[in-house]
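K.L.:
Chains as they are written, first to last, in my numbering: chain P, 2 to 181; chain S, 6 to 381.
Simulated from the structure, these hints should not be mistaken for lab results.
Just so you know, these numbers come straight off a predicted model, no measurement behind them.
Mixed in with the good hints there might be a few duds.
[Unchecked claim] Listed next, the in silico DSBU-like pairs over lysine-lysine satisfying Cα-Cα at most 35 Å (straight line):
| id | chain 1 | residue 1 | chain 2 | residue 2 |
| --- | --- | --- | --- | --- |
| 1 | S | K196 | P | K86 |
| 2 | S | K314 | S | K332 |
| 3 | S | K188 | P | K143 |
| 4 | P | K108 | S | K299 |
| 5 | S | K261 | P | K86 |
| 6 | S | K188 | P | K164 |
| 7 | S | K314 | P | K86 |
| 8 | S | K304 | S | K314 |
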Amino acid sequence: MRYKVRVAGQGGQGAITLAYTIGRASALYNNKHVVFTEAYGPEITGGFARGDLIIDDIEIEYPMVDQPDILVVLSEEGWEMNSDKLAEGGTLIYENFLVNPETDATKFGIPAVQEAENIGKKVVANVILMGAFQELTDIVSKESLEKALLEIVPKGTEELNLKALRRGYELGKEIGGKKK
Amino acid sequence: MLEEGTYFMKGNHVIAEAAIIAGCRFFGAYPITPASPIAERMSYRLFEEGGEFIQMEDEIASMAAIIGASCAGAKSMTATSGPGVSLMLENIGLAYMMEAPVVIVDVMRGGPSTGMPTLTSQGDINQVRWGSHGDYDVIAYCPSTVQECFDLTIKAFNAAEKYRVPVFIMADQILGLMTSNVKVPRLRDIKIVDRETPMDGDDTYQPYDSSTLVPPMAIAGHGHHVLMTGLTHDERGYPATNPEGQEKLMSRLKRKIYENIDDIVELEEFMLEDAELAIVAYGSEARSVREAIKQAREKGLKVGMLRFKTIWPFPERQVNELSRRVKKIMVAEVNLGQLVHPVREYAVCEVVALTHSGGALHPPAEVLRRIEEEMK
Numbered sequence: 002m003r004y005k006v007r008v009a010g011q012g013g014q015g016a017i018t019l020a021y022t023i024g025r026a027s028a029l030y031n032n033k034h035v036v037f038t039e040a041y042g043p044e045i046t047g048g049f050a051r052g053d054l055i056i057d058d059i060e061i062e063y064p065m066v067d068q069p070d071i072l073v074v075l076s077e078e079g080w081e082m083n084s085d086k087l088a089e090g091g092t093l094i095y096e097n098f099l100v101n102p103e104t105d106a107t108k109f110g111i112p113a114v115q116e117a118e119n120i121g122k123k124v125v126a127n128v129i130l131m132g133a134f135q136e137l138t139d140i141v142s143k144e145s146l147e148k149a150l151l152e153i154v155p156k157g158t159e160e161l162n163l164k165a166l167r168r169g170y171e172l173g174k175e176i177g178g179k180k181k
Numbered sequence: 006m007l008e009e010g011t012y013f014m015k016g017n018h019v020i021a022e023a024a025i026i027a028g029c030r031f032f033g034a035y036p037i038t039p040a041s042p043i044a045e046r047m048s049y050r051l052f053e054e055g056g057e058f059i060q061m062e063d064e065i066a067s068m069a070a071i072i073g074a075s076c077a078g079a080k081s082m083t084a085t086s087g088p089g090v091s092l093m094l095e096n097i098g099l100a101y102m103m104e105a106p107v108v109i110v111d112v113m114r115g116g117p118s119t120g121m122p123t124l125t126s127q128g129d130i131n132q133v134r135w136g137s138h139g140d141y142d143v144i145a146y147c148p149s150t151v152q153e154c155f156d157l158t159i160k161a162f163n164a165a166e167k168y169r170v171p172v173f174i175m176a177d178q179i180l181g182l183m184t185s186n187v188k189v190p191r192l193r194d195i196k197i198v199d200r201e202t203p204m205d206g207d208d209t210y211q212p213y214d215s216s217t218l219v220p221p222m223a224i225a226g227h228g229h230h231v232l233m234t235g236l237t238h239d240e241r242g243y244p245a246t247n248p249e250g251q252e253k254l255m256s257r258l259k260r261k262i263y264e265n266i267d268d269i270v271e272l273e274e275f276m277l278e279d280a281e282l283a284i285v286a287y288g289s290e291a292r293s294v295r296e297a298i299k300q301a302r303e304k305g306l307k308v309g310m311l312r313f314k315t316i317w318p319f320p321e322r323q324v325n326e327l328s329r330r331v332k333k334i335m336v337a338e339v340n341l342g343q344l345v346h347p348v349r350e351y352a353v354c355e356v357v358a359l360t361h362s363g364g365a366l367h368p369p370a371e372v373l374r375r376i377e378e379e380m381k
């Protein structure tokens with residue numbers, strides 16, 4: 002099964018890290034073939050930032066994501082740039098304080114920023130979305146995702162990040178209901 | 006050094022790690038998008054491995070630095086993009102003339118000039134081959150996957166050492182910045198070639214001994230008579246700027262590549278067995294082509310691909326043979342038609358071009374549309 006995922010936001014929000022971590026977990030711990038590509042505007046902080054993933058059981062040829070099956074957006078610009086890209090029958094996951102998408106597609110608004118503030122650090126909003134993504138899509142296993150996340154976060158922040166990820170699972174369950 | 010295992014790594018970083026495994030211990034470069042991650046990685050990794058990293062003042066100096074380091078015995082590399090190669094060209098000719106083994110990574114981006122720094126292209130194919138003055142040859146590897154960033158970087162160093170010639174790794178923005186699975190074999194299973202050096206105390210040693218195509222290379226400062234120059238030179242390295250000296254030197258330099266062309270050239274055949282249309286492609290673009298061919302085959306179209314893993318020296322014989330068993334060849338590349346020219350030169354069948362101004366790969370659907378059109 003092939004999954005095409007795009008994560009879009011502004012530089013500094015962790016959109017690329019979000020996508021990278023899912024890719025890393027899938028490649029190293031779920032034995033998938035993964036292609037991860039990234040794009041950003043000329044200025045890193047504040048400009049658009051995008052991480053694209055293709056995850057498959059077989060080798061991946063064409064490496065670009067033209068129409069994602071799953072679109073994760075962290076900013077209004079991220080939504081505007083990609084609102085016409087979502088594949089038919091695709092799923093939108095978005096930060097519901099920063100983005101207000103009008104679409105008929107299946108969509109899940111996650112209060113990631115507010116929940117991150119509740120945990121204590123706004124910077125982990127992307128990790129909350131990562132957890133929600135896992136719960137809502139089940140493309141990558143929780144065990145693999147946690148392993149990959151712990152490998153890339155700065156020392157001393159492991160607990161905070163795991164807490165955020167697990168809060169993301171809960172939110173995904175509350176908002177999305179059942180796993181596919 | 007990276008241990009055996011599977012990694013999830015960026016193409017540029019894989020090139021850096023493979024270079025270290027291949028024995029690279031000197032890296033001199035000037036940062037440029039989209040090649041900078043190679044320098045960034047080398048800056049601390051070479052330090053850990055006991056090598057030297059220098060951020061040079063520009064690309065002219067970068068190329069000079071790696072030639073010097075190579076003459077001093079270190080396997081050396083630089084990394085840049087098209088605009089940087091433009092500045093390196095004079096010294097690339099110098100490396101060729103001095104027969105200094107060096108590896109140059111060109112992570113291609115949109116040109117000409119400053120062009121599109123953050124977007125892809127395959128626009129440097131001709132520049133690396135023809136850009137420096139006079140007649141010269143290079144070896145150019147062209148990876149298509151992150152795995153090949155590893156495999157072909159090892160081969161690039163081996164070829165540079167074996168043939169004492171500048172060797173290019175032609176990546177592109179998409180591949181260089183793409184993160185993917187890469188398998189690193191056991192270190193002892195990786196074949197590493199080191200340059201041949203003269204015996205200690207060999208008083209008869211001549212740095213450009215013409216009795217062999219690739220003379221052993223003494224390490225400057227280690228006792229042998231070492232004289233290396235960009236001037237046309239004799240066996241001793243002394244200037245021999247006359248037609249006879251030129252003919253003697255140039256014919257050996259040419260022969261060392263062309264008499265070994267079958268050892269150097271690497272091609273992959275994909276679904277060519279019964280193909281009527283053959284697509285020639287390389288690098289990231291070959292991935293679009295492969296996907297399009299799979300779709301075309303489902304529609305019953307007899308199409309295949311000859312993928313160049315080495316671009317230069319040009320596989321003259323293989324292209325000629327291919328052109329005798331297919332009806333048509335289409336060259337797909339992310340430029341306005343570069344490799345299509347030598348393909349036309351050596352093919353006996355019709356050769357058409359699928360070109361792209363740059364900034365993106367052809368989507369597979371577009372390649373497929375063109376396949377259908379050409380096979381009507």
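K.L.:
Within 35 Å, alpha carbon to alpha carbon, are S/K261 and P/K86?
P.N.:
Distance ~52 Å between S/K261 and P/K86 Cα, so the pair is violated.
K.L.:
For S/K314 and S/K332, compute the direct alpha-carbon distance and say whether it is at most 35 Å.
P.N.:
The hint holds at about 23 Å.
K.L.:
Does the alpha-carbon distance linking S/K188 and P/K143 stay inside the 35 Å limit?
P.N.:
24 Å, holds
K.L.:
Given the hint that P/K108 pairs with S/K299, does the C-alpha gap stay at or below 35 Å?
P.N.:
Holds, because 33 Å separates the two Cα atoms, which is no more than 35 Å.
K.L.:
CA of S/K304 to CA of S/K314, is that 35 Å or under?
P.N.:
28 Å, holds
K.L.:
Compare the distance between the alpha carbons of S/K196 and P/K86 with 35 Å, and conclude whether the hinted pair is satisfied.
P.N.:
45 Å, violated
K.L.:
Would you mind confirming whether the straight-line C-alpha gap from S/K314 to P/K86 stays at or under 35 Å?
P.N.:
33 Å, holds
K.L.:
Keeping to a limit of 35 Å between CA atoms, is the pair of S/K188 and P/K164 held or broken?
P.N.:
Given pair S/K188, P/K164 holds - Cα atoms ~32 Å apart, limit 35 Å.
The structure does not agree with the numbered hints 1 and 5 stated previously, though it agrees with the rest.
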